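Chain by chain, the residues:
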Amino acid sequence: MNVTQISAFVENKPGHIAGVLKVLADNNINIITLTVADTADFGVLRMILDKPELAKAKLSENSITCSVTDVLAIEIDDTPGALLKALEAFSNLELNIEYMYAFTQKIHDNAVMIFRFEDIEKAKKALVEKGCRIIRNIDIIGEDK
Amino acid sequence: MFNSEIETMSESKMKELQLERLKWSIRHAYDNVPHYRKTFDDAGFNPDQFKTLDDMRRVPFLTKQDMRDAYPYGLFAVPLSKVVRVHASSGTTGNATVVGYTKNDVEVFSEVVARSLACYGVTENDIVQNAYGYGLFTGGLGAHYGAEKIGAITVPISGGNTPRQIMIMKDFGSTVLCSTPSYALNIADYIESNMPDFDMSSLKLKIAVMGAEPWTEEMRQQIEKRLNVDAFDIYGLSEVIGPGVSAECTEKSGLHVFEDHFYVEIIDPDTGEILPEGSEGEIVYTSLTKEAFPTIRYRSKDITRLYHDSCRCGRTLVKMDKVTGRTDDMLIIRGVNVFPSQIESVLMQEEGTEPHYQIIVDRKGTMDEIEVMVEVNEKVFSDEIKVLDSLAKSLAHRVKSTLGITAKIKLVEPKSIPRSEGKAVRVIDNRKK
Numbered sequence: 001m002n003v004t005q006i007s008a009f010v011e012n013k014p015g016h017i018a019g020v021l022k023v024l025a026d027n028n029i030n031i032i033t034l035t036v037a038d039t040a041d042f043g044v045l046r047m048i049l050d051k052p053e054l055a056k057a058k059l060s061e062n063s064i065t066c067s068v069t070d071v072l073a074i075e076i077d078d079t080p081g082a083l084l085k086a087l088e089a090f091s092n093l094e095l096n097i098e099y100m101y102a103f104t105q106k107i108h109d110n111a112v113m114i115f116r117f118e119d120i121e122k123a124k125k126a127l128v129e130k131g132c133r134i135i136r137n138i139d140i141i142g143e144d145k
Numbered sequence: 001m002f003n004s005e006i007e008t009m010s011e012s013k014m015k016e017l018q019l020e021r022l023k024w025s026i027r028h029a030y031d032n033v034p035h036y037r038k039t040f041d042d043a044g045f046n047p048d049q050f051k052t053l054d055d056m057r058r059v060p061f062l063t064k065q066d067m068r069d070a071y072p073y074g075l076f077a078v079p080l081s082k083v084v085r086v087h088a089s090s091g092t093t094g095n096a097t098v099v100g101y102t103k104n105d106v107e108v109f110s111e112v113v114a115r116s117l118a119c120y121g122v123t124e125n126d127i128v129q130n131a132y133g134y135g136l137f138t139g140g141l142g143a144h145y146g147a148e149k150i151g152a153i154t155v156p157i158s159g160g161n162t163p164r165q166i167m168i169m170k171d172f173g174s175t176v177l178c179s180t181p182s183y184a185l186n187i188a189d190y191i192e193s194n195m196p197d198f199d200m201s202s203l204k205l206k207i208a209v210m211g212a213e214p215w216t217e218e219m220r221q222q223i224e225k226r227l228n229v230d231a232f233d234i235y236g237l238s239e240v241i242g243p244g245v246s247a248e249c250t251e252k253s254g255l256h257v258f259e260d261h262f263y264v265e266i267i268d269p270d271t272g273e274i275l276p277e278g279s280e281g282e283i284v285y286t287s288l289t290k291e292a293f294p295t296i297r298y299r300s301k302d303i304t305r306l307y308h309d310s311c312r313c314g315r316t317l318v319k320m321d322k323v324t325g326r327t328d329d330m331l332i333i334r335g336v337n338v339f340p341s342q343i344e345s346v347l348m349q350e351e352g353t354e355p356h357y358q359i360i361v362d363r364k365g366t367m368d369e370i371e372v373m374v375e376v377n378e379k380v381f382s383d384e385i386k387v388l389d390s391l392a393k394s395l396a397h398r399v400k401s402t403l404g405i406t407a408k409i410k411l412v413e414p415k416s417i418p419r420s421e422g423k424a425v426r427v428i429d430n431r432k433k
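Line by line, the protein sequences give chains A and B.
First residue of the first sequence: 1, per the working numbering; consecutive thereafter.
First residue of the second sequence: 1, per the working numbering; consecutive thereafter.
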């Protein structure tokens, strides 16, 4: 049920994100959601893509440093305070979040957040026990293309 | 051994040979080159007074600037009709320096390169792929003539066009690669990132002859591991002859100087005083046999030391340490002397970092600032910013603790540091305006 995230290293300069996106476009890879973590000199572009394996291969071919990480996509009620409640639950379970970002579309009429936990297996186990709705990769990217 | 009589000559016999040749070379320079006549006369030194090796201290130095001022033929000691070849340095920091060779000089040049190749174990059975640039640079033709002299098949591919280098290496069965160390790593990079199915064992390469730029032990280890070769240092300067002034042997510990052709001294770079054997200082060269372009007490600005250590290879020639810095390359950052090679060593101690780096020096107000650009490859990359931050911090910490200077480590994309096909550009100093 892990979701595959592709992260790419980009310098903080005009045109560098576009360079990554061009490789994806040229290979007909669709972006489902993305976020950029920035520092003064560089950023990390984190993306959920419909063809992660192909994306990894093509980015590497084009000398773009990238990596594959497993993250969790979790349904959160689209109501005030729902995200807070979820985070409190993670905190009680002592699950450390490295970073998180929001999904652009709703699933089952709920908001979806992507979480990168320090220990994904531990988080998954605890969250399943707690009855959290974790979204499978296949529901996001469809059948393996 | 290519010339065992010379290479195993006793120290005292070598000194006799050197003295006899020095007398000729100093006289030859004085009689035929106005520059030497003037500087010798100004210093009150007459070649007739040169009787023992001790008299060397009275002979004036020759500097790089003297050579630039003599552009192009001012220091030639024979009529141009006797010169059969010229080489020149790039002249990026002033006039190029032009050096000339008579037929006999070319012969000596070939001999010392052949001796160097023999030091590494190259024989007539080898196939030498010469990826040094052919042209005014001494490396290309120097290695070429040496390889031919030894009787090996010489493949004059010159530098550049990496895919073709790899194809030729495989198809021709090259056993020896001559190139700059940075270009050898370029070839390894290319294979690793663009040819994932390439079978390294399809290459017959066993020896890498690396020269023309300072390089470190860490870089040697990388070249040896990634290209599956033994990598050896060949050292030289165009001002003295080109590559083949000295060479490592299979012991890989120090370089034997071909001192029957080049007389070497170590001096204190500040006072010009000759230092005793074993001391570190600037190495000074005097050619003993060169006809067209004698160099008398040329200040190389290379920092090294000289010693005799009864080398296990059997050669008795004096040895010099691998040169890892030239006083020219030395950066003075807030009063601290730093060689680019020291930064290279630090970077390569960190697991996974690339040997491609560039140092940018700038002055903000009155403060020198140094920025080291390091490429982020997949071995060190992480989706977490904190991991990348700690890589940069850890490198900066290593620089600080090893060299005592604060450097900013800037992580950059792969291949964003320009790759060299000849000498790598390691330093961009924006302070010099």
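Simulated from the structure, these hints should not be mistaken for laboratory data.
These figures come from a predicted structure and were not determined experimentally.
Built from N, CA and C at the ideal position, the CB exists for glycine as well.
There could be a bad hint or two in this list.
What the hints assert, rightly or not - Straight-line distance between alpha carbons at most 20 Å, and here's what the computed SDA-like set of lysine to any residue pairs gives:
1) K124/A <-> N92/A
2) K386/B <-> T39/A
3) K122/A <-> D70/A
4) K322/B <-> S279/B
5) K13/A <-> V229/B
6) K13/A <-> K415/B
7) K13/A <-> A392/B
8) K13/A <-> P418/B
9) K379/B <-> G43/A
10) K415/B <-> N12/A
11) K58/A <-> L275/B
12) K56/A <-> A392/B
13) K408/B <-> D41/A
14) K386/B <-> L95/A
15) K415/B <-> N62/A
16) K322/B <-> C311/B
17) K38/B <-> V86/B
18) K415/B <-> S63/A
19) K225/B <-> P196/B
20) K51/A <-> I29/A
21) K408/B <-> K56/A
22) K13/A <-> E371/B
23) K410/B <-> G15/A
24) K252/B <-> H308/B
25) K322/B <-> V229/B
26) K15/B <-> K38/B
27) K408/B <-> I360/B
28) K379/B <-> N92/A
29) K379/B <-> S60/A
30) K322/B <-> A392/B
31) K252/B <-> D268/B
32) K149/B <-> A118/B
33) K400/B <-> R363/B
As the list claims (entries may be wrong) - Far from chain B by the CB rule (all over 10 Å, computed), these chain A residues:
34) V10
35) E11
36) H16
37) D26
38) L34
39) A37
40) V44
Hint by hint, here is what the structure shows:
The suggested pairing of K124/A with N92/A holds, with an alpha-carbon distance near 14 Å, which does not exceed 20 Å. Straight-line distance between C-alpha atoms of K386/B and T39/A comes to about 11 Å, which keeps the hinted pair within the 20 Å bound. For a cut-off of 20 Å, the pair hint linking K122/A to D70/A stands: about 13 Å separates their Cα positions. A threshold of 20 Å between alpha carbons decides the hint, and for K322/B with S279/B the separation of about 14 Å falls inside it, so the pair holds.
For the hint pairing K13/A with V229/B, the CA-to-CA distance comes to about 39 Å; that exceeds 20 Å, so the pair is violated. The hinted pair formed by K13/A and K415/B meets the criterion: a straight-line CA distance of about 15 Å does not exceed 20 Å. Distance check on the hinted pair: K13/A and A392/B sit about 19 Å apart at the alpha-carbon level, within 20 Å; holds. Simply put, K13/A and P418/B have alpha-carbon atoms about 17 Å apart, close enough for the 20 Å limit, and the pair holds.
Between K379/B and G43/A the CA atoms are separated by roughly 17 Å; this keeps the pair inside 20 Å, and the hint holds. Restraint check for K415/B and N12/A: satisfied, since their Cα atoms lie roughly 16 Å apart, inside the 20 Å limit. Of the supplied pair hints, the one linking K58/A and L275/B is violated, its CA atoms being roughly 59 Å apart against a limit of 20 Å. The straight-line distance between the Cα atoms of K56/A and A392/B is roughly 25 Å, outside the 20 Å bound, and the hint therefore fails.
With a C-alpha separation of about 11 Å, the suggested pair K408/B and D41/A falls inside the 20 Å cut-off, and the hint holds. A C-alpha spacing of about 18 Å is found between K386/B and L95/A, which places the hinted pair at or below 20 Å, so the restraint holds. At roughly 10 Å between alpha-carbon atoms, K415/B and N62/A fall within 20 Å of each other, so this suggested pair holds. Taking the CA atoms of K322/B and C311/B, the gap is near 15 Å; set against the 20 Å cutoff, the hint holds.
Restraint check: the Cα-Cα separation between K38/B and V86/B comes to about 25 Å, which exceeds 20 Å; the hinted pair is violated. Proximity of K415/B to S63/A is assessed by CA-CA distance (about 7 Å); at most 20 Å being required, the pair is judged to hold. The straight-line distance between the Cα atoms of K225/B and P196/B is roughly 17 Å, inside the 20 Å bound, and the hint therefore holds. Annotation: proposed proximity of K51/A to I29/A holds, straight-line Cα distance about 6 Å (limit 20 Å).
Distance restraint check for K408/B and K56/A: the Cα-Cα separation of roughly 30 Å exceeds the 20 Å cut-off, and the hinted pair is therefore not satisfied. The straight-line distance between the Cα atoms of K13/A and E371/B is roughly 17 Å, inside the 20 Å bound, and the hint therefore holds. Simply put, K410/B and G15/A have alpha-carbon atoms about 19 Å apart, close enough for the 20 Å limit, and the pair holds. Between the alpha carbons of K252/B and H308/B the distance comes to roughly 15 Å, so the proposed pair stays at or under 20 Å and holds.
Simply put, K322/B and V229/B have alpha-carbon atoms about 19 Å apart, close enough for the 20 Å limit, and the pair holds. For the proposed pair K15/B and K38/B, the alpha carbon gap of about 28 Å is over 20 Å, so the pair is violated. Note on K408/B and I360/B: the hinted pairing holds, with a Cα-Cα distance of about 10 Å set against a maximum of 20 Å. Between K379/B and N92/A, the direct Cα distance comes to roughly 34 Å. Violation of the 20 Å bound is thereby established for this hinted pair.
Taking the CA atoms of K379/B and S60/A, the gap is about 12 Å. The hint holds against a cut of 20 Å. A threshold of 20 Å between alpha carbons decides the hint, and for K322/B with A392/B the separation of about 29 Å lies outside it, so the pair is violated. Between K252/B and D268/B the CA atoms are separated by roughly 27 Å; this puts the pair beyond 20 Å, and the hint is violated. The suggested pairing of K149/B with A118/B holds, with an alpha-carbon distance near 11 Å, which does not exceed 20 Å.
For the given pair, K400/B sits about 19 Å from R363/B by alpha-carbon distance, which is consistent with the 20 Å threshold. For V10/A, the non-interface assignment is contradicted: its Cβ lies about 7 Å from the closest Cβ of chain B, within the 10 Å cut-off. With a closest Cβ-Cβ approach of about 5 Å to chain B, E11/A is found to fall inside the 10 Å limit, against its non-interface label. Separation of H16/A from chain B is inadequate, the least Cβ-Cβ distance of about 7 Å not exceeding the 10 Å criterion.
The beta carbon of D26/A is kept farther than 10 Å from every beta carbon of chain B, the shortest such distance being approximately 18 Å. Consistency note on L34/A: stated as away from chain B, and its beta-carbon is indeed over 10 Å from all of that chain's, at 12 Å minimum. Interface exclusion of A37/A from chain B breaks down, the closest Cβ pair being 5 Å apart, not more than 10 Å. Non-interface call for V44/A relative to chain B: violated, since the shortest CB-CB distance, roughly 6 Å, does not exceed 10 Å.
Hint compliance for this structure: hints 5, 11, 12, 17, 21, 26, 28, 30, 31, 34, 35, 36, 39, 40 are not met, and every other hint is.
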